[in-house]
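Chains as they are written, first to last, in our numbering: chain A, 1 to 150; chain B, 1 to 122.
Everything labelled a hint here was simulated from the structure, so no lab data went into it. There may be inaccurate statements among the hints.
[As the list claims (entries may be wrong)] Which residues of chain A face chain B? A partial, calculated answer using Cβ under 10 Å: (1) G21; (2) V22; (3) V28; (4) I29; (5) F38; (6) R40; (7) Q47.
[To be verified] Computed Cβ-Cβ distance ranges for the label pairs, DEER-style: (8) A:R139 <-> B:V66: 39 to 49 Å; (9) A:E107 <-> B:F58: 39 to 49 Å; (10) A:V93 <-> B:F85: 32 to 42 Å; (11) A:V61 <-> B:S26: 35 to 45 Å; (12) A:M134 <-> B:V66: 33 to 43 Å; (13) A:V104 <-> B:N31: 42 to 52 Å; (14) B:A82 <-> A:F64: 32 to 42 Å.
[Said to hold, decoys possible] Calculated Cβ distances over 10 Å to all of chain B for the following chain A residues: (15) A52; (16) S89; (17) M92.
Just so it is clear, CB atoms sit at the ideal spot from N, CA and C, and this is done for glycine as well.
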Amino acid sequence: MPTESLPAPVNPPARRPRIAGVGRVLVVIYAILALGAFGRSLVQIIQQFDQAPLAYTLSAVSAFVYIVATVALVARGAVWYRVAWITISFEMVGVLVVGTLSVVAPELFAHASVWSYYGVGYLFIPLVLPVLGMIWLSRKRPTTNPESAQ
Amino acid sequence: MIEWFSYAQIAVAVLAGVFCLVVGFSGRIPNDYTLGATALVEVLLVIQFIVALLAPAFGNDARGDVLEFYVYAVSALLLPAAAVFWALIDRTKWSTVILGVACLAIAVMVFRMNEIWLIQNV
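Using the sequences plus the hints, can you model the full thing?
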């Protein structure tokens with residue numbers, strides 16, 4: 001890729017974490033959602049995987065993606081920054097696609113997943129969070145001087 | 001679970017959550033009041049956990065999925081503890097906001113636990 005121009009691990013001596021200020025709240029909400037999605041998918045897979053393999057596999061995948069996104073938001077460096085973009089975009093697409101499918105083809109997603117009905121079971125947080133995450137990321141690119149971050 | 005106790009617990013968690021959010025957004029770092037409110041939420045969770053462990057021995061069985069209930073219960077126990085831990089390390093106003101977010105998440109989780117215990121599968 002042509003955008004590999006900057007050396008990733010070069011951080012200013014301060015080693016200030018990318019996440020400061022209100023972004024920390026974002027990370028905590030991500031962590032809570034990751035915990036919730038993980039817990040639910042664990043229960044679903046242990047107890048009733050054969051009832052709805054598609055929905056439950058999706059639950060597990062989404063849980064995994066939320067966990068990775070949480071880590072990526074906290075971690076420093078250009079690679080993690082890219083991982084954060086990928087996982088958060090995946091969540092955005094996931095909640096939109098699965099949310100729409102659960103409305104138009106409910107037989108596919110009769111069993112709840114985090115993203116069913118645009119995340120209504122999670123107070124629509126799965127719908128709002130990726131947007132906030134993207135806004136946050138676009139304001140905090142590691143290419144700009146991290147010293148000015150706050 | 002004991003119904004009135006869970007409702008009291010949800011009320012306390014909502015009050016503590018709103019309180020911490022207000023204090024946090026007004027710019028204060030975590031103090032004894034916000035940490036205390038979160039600690040109270042945690043203590044109630046511990047009591048609730050013990051109640052849930054003992055309740056079946058007194059004929060108060062969960063109607064819903066016991067595994068799902070305990071996944072919620074254990075996650076809930078971790079959450080305020082983690083938020084307090086965070087607040088002790090990171091002394092900024094955002095930690096106070098985070099205490100509030102954790103308390104509100106607990107309110108939702110206890111509501112869900114209540115549903116599982118009392119309503120699910122009926």
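Here's how the hints hold up against the structure:
Annotation: A:G21 was flagged as interfacial toward chain B, and the flag holds, the nearest CB pair being 6 Å apart, inside 10 Å. Hint on A:V22 holds. Least Cβ distance to chain B is approximately 6 Å, under the 10 Å limit. Hint status for A:V28: holds, given a least beta-carbon distance of 5 Å to chain B, under 10 Å. Look at A:I29: its Cβ gets to within about 6 Å of chain B, closer than 10 Å, so that hint holds up.
Nearest Cβ of chain B to the Cβ of A:F38: about 9 Å, under the 10 Å cut. The hint holds. For A:R40, the interface hint holds, since its Cβ comes within 10 Å of a Cβ in chain B; the closest pair sits about 8 Å apart. Hint on A:Q47 holds. Least Cβ distance to chain B is approximately 6 Å, under the 10 Å limit. Under the hint 39 to 49 Å, the C-beta atoms of A:R139 and B:V66, about 45 Å apart, fit the expected range.
The hinted range of 39 to 49 Å is satisfied by A:E107 and B:F58, whose Cβ atoms lie roughly 42 Å apart. At about 34 Å, the beta-carbon gap between A:V93 and B:F85 stays in the expected band of 32 to 42 Å. A hinted range of 35 to 45 Å holds for the C-beta pair A:V61 and B:S26, which are about 40 Å apart. With their beta carbons about 39 Å apart, A:M134 and B:V66 fall inside the hinted range of 33 to 43 Å.
Distance hint check: the CB atoms of A:V104 and B:N31 are about 50 Å apart, consistent with the given range 42 to 52 Å. In this structure, B:A82 and A:F64 break the distance hint of 32 to 42 Å, their C-beta atoms being roughly 20 Å apart. At roughly 15 Å, the least C-beta separation between A:A52 and chain B is larger than 10 Å, which holds for a residue marked as non-interface. No beta-carbon of chain B comes within 10 Å of the beta-carbon of A:S89; the shortest separation is about 24 Å.
For A:M92, the condition that its CB be more than 10 Å from all CB atoms of chain B holds, with the nearest at approximately 21 Å.
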